[in-house]
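*Asks:* Below are the chains, spelled out letter by letter.
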Amino acid sequence: GDQVEQSPSALSLHEGTGSALRCNFTTTMRAVQWFRKNSRGSLINLFYLASGTKENGRLKSAFDSKERYSTLHIRDAQLEDSGTYFCAAGNSGTYQRFGTGTKLQVVP
Amino acid sequence: EAAVTQSPRNKVAVTGGKVTLSCNQTNNHNNMYWYRQDTGHGLRLIHYSYGAGSTEKGDIPDGYKASRPSQENFSLILELATPSQTSVYFCASGDNYAEQFFGPGTRLTVL
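Those sequence lines, one after another, are chains A and B. Mapping of the first sequence onto our numbering: residues 200 to 307, in sequence order. Mapping of the second sequence onto our numbering: residues 3 to 113, in sequence order.
With a straight-line Cα cutoff of 30 Å, these simulated DSBU-like cross-link-like pairs (lysine-lysine) come out:
(1) A:Lys302 with A:Lys265
(2) B:Lys59 with A:Lys265
(3) B:Lys67 with B:Lys13
(4) A:Lys302 with B:Lys13
(5) B:Lys13 with B:Lys59
(6) B:Lys20 with B:Lys67
Read the hints as simulated data drawn from the structure, not as lab findings. In this text, all values refer to a predicted model and were calculated from it rather than measured experimentally.
Looking at chain A on its own, in the form it has when it is part of the complex (with noise of 0.2 Å):
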């Protein structure tokens, strides 16, 4: 079954706001990797986790390998945070599955 589950699948914000998206995990992952698809299809690498949490700007993550979770935080939205976030963990050391992707909209 499906190892990596991702919430919610859409989401819009208005500019200025914040929210976060969630993945959770059937199984105990050593890793965790967030990504944004842009609006030209490329895939940029916001954080890799192995544990704690890292931030970047307005970006925060956090992996808690026990729990089986991951999250991603976004504060003071801005239109170009716009795009579809994906997420990815692997327990295997070699190769990660991916979330279904949350598909955030940020409005004027």
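Guided by the hints, dock chain B onto chain A, whose structure is given.
*Replies:* Below, chain B alone, put in the same frame as chain A:
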């Protein structure tokens, strides 16, 4: 400068034809991967490789072959393309227990 490149970026093929998608990485990573991404799905792993000469089946390998002739190059081969293989294909490179880096994607349409 881009560390993972793919060619072609767009491809239209006919049903039953042979398609080869190419990927090159300058990251000197051991592992390389081929995924496809369809609406409503995340990226799904087709084939991957641990290094030159190795290919491994991913989650959805049927209808695809892969070739890793060198550390830098990893190809995905559709011997007999079908319309169900219309998709966007992404190549990636990475090392064990480390992040993956993706190419820009190839949009394949099979008519």
